[in-house]
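K.L.:
The residues making up each chain are set out below.
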Amino acid sequence: MFKKKKSKVQIALNNEVVRFERLGLRYGRGPEILSDVDMCLNKGSFNFLTGPSGAGKSSLLKLCYMDLKQSRGLISLFGNDISSISQKAKYSIKKRIGVILQDFRLIDHLTVFENVALPLRVSGEKRRNYTKDICELLQWVGLGDRMDALPKTLSGGEKQRAAIARAIISKPDLIIADEPTGNVDEVMSKRLLKLFIEMNRSGTTILIATHDKKLVKGINANILNIENGTLINTNFNSSF
Amino acid sequence: MQDKSIKKLTSNPLLDPNSNNARSLVFTLSIVAYLATIALLFSVTMNRMSTSWNSALENSATIQILVENPTLREVQVEITFKNLKENYPNSEITVLDKKKSLDMLKPWLGNFNLPDDLPIPALISINFAEEDNKDLTYISAALKNEGVIVEIDDHTRWSDQVKKSAIALKVGSTALLILIFSIAIFISNYATKSALLAQKNIINILLQVGAKNIFISKLFIKQAGIRGLISGLYGVSLGYFTMVIMSTERMKEVFIIPIPNFYWPDIIYLLLFIIGFSINCSISAGLTSMNILSKKRRRR
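Chain order of the listed sequences is A and B.
The working numbering numbers the first residue of the first sequence as 158 and each following residue consecutively.
The working numbering numbers the first residue of the second sequence as 79 and each following residue consecutively.
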């Protein structure tokens, strides 16, 4: 009788940034590729999502940044059940998430500077307010001299760094990265990891999907292992 | 120095201006704009022509004196002319000479060399002044009393026919204009859909970095508006020159149907048309993109 009014964004009273409960995902009428996933990422935590190729890592990440809709179960982001919030609230949540994907997703006709500025440009920021920040960040990720280059002239590693810079420029509360070190050498890999650690120290929650065992071993983090669409164990890496 | 180069680069539009279908789309829209311009100008000039014809016909009349005897005819022409002058002092009354009378018969008899002894009626034309009464029934009766039998043609018959023809042409050209505008809307819709498909990756990236549907739609609205403006300018310029060429005296001789005159103030119509065409493309692109993006959101 009464139309359900969609709620606005809530301020998470607890520390949960991401919460999945009995989550299931299937594409069309196919089999479930994720089933009964229970997961909780606390504020300021550093998390690795590991598992073999095709285990469902990327799909799980997509659910985290609302690129996919779950078939069943609950997804709560920053204390908001995303199935019951308005589109406007979803936009606000999305702005709090920085995403780095395997395929970089850079816009080909825009320069590195413009690609990195994208989240700020989209949110209506004035260029003069962010030019300095972007220049500094690009210097930091080693792209200071490639600001005016187009993505097609960049190497895989440079593209990856540009994608990372874009994800962190708006200082998100949660960073989701899918194989962020997949296209860079070991030195750059460590440098990028250091960047993630720095971000984490300042309170940003990090979720990195990877199958790079070296990367996982080198850091004090939660490890979420996924196999055949099921999160089979969650443990704390104490090797750091 | 560095800031200067950034300033230059950050002006790039978010949607790729050189996407695959841009040129072909502008070309197609230009053709649509061209056809619409022709239809619009045809409609405007038809309206103008019908008004001018009606006004000319309603304010004039022709009086025929059907007497074969030249001496008698001359007398009767004189009586008629005198009567007309007395009753319509401000109007322009002209006795047509034989050549002009023959010219008036040409549309019925053809463009042949007519024999000199062909009996043709004496013709007197009246162009009524505003101050004079246009009623011709009194003059007919007055001339009859003086023994002059005349046939008065007040052009009512022609005026009605011209009005009907002009209305038919106006309706036809307006319908054509609406049809062409509908085509422009469909083309713009189709172009937006194909642009959304072609720029799917960019849209996904924009959605990923938190762009709202309205933000993305605005990009398409702007792009379609600019394309509409460029196409409108091309099409209208071409249409304008076509109409200018067609309204020259030489072209009027070539075409069977009369080509309406085209005046420079019509440029105002054309400028309004370009703006309208651009707005039409923008609205259509905006609605299409919002619709597609909303559906996309619902699926997520």
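FYI, nobody ran anything at the bench for these hints, they're computed from the structure.
Given the structure is predicted, the values throughout are model-derived calculations rather than measurements.
Be a bit skeptical, because a hint or two may be false.
[Stated by the list, open to error] A few chain A residues that face chain B, going by a derived Cβ cut-off under 7 Å, partial list only:
1) Ile242
2) Lys251
3) Pro276
4) Val279
Each residue gets a CB set at the ideal place from its N, CA and C atoms; glycine is no exception.
K.L.:
Against each hint, give a clear statement of whether it holds in the structure.
P.N.:
Cross-check of the supplied hints:
Proximity of Ile242(A) to chain B is violated relative to the hint, the smallest CB-CB distance being about 13 Å (cut-off 7 Å). Because the beta carbon of Lys251(A) sits about 4 Å from the nearest beta carbon in chain B, less than 7 Å, this interface hint is met. Contact between Pro276(A) and chain B, as hinted, is supported at the beta carbon level, the nearest pair being about 4 Å apart and thus within 7 Å. Checking Val279(A) against chain B: minimum C-beta separation of about 4 Å stays under 7 Å; hint holds.
This entry does not satisfy hint 1, going by the numbered hints stated previously; all others are met.
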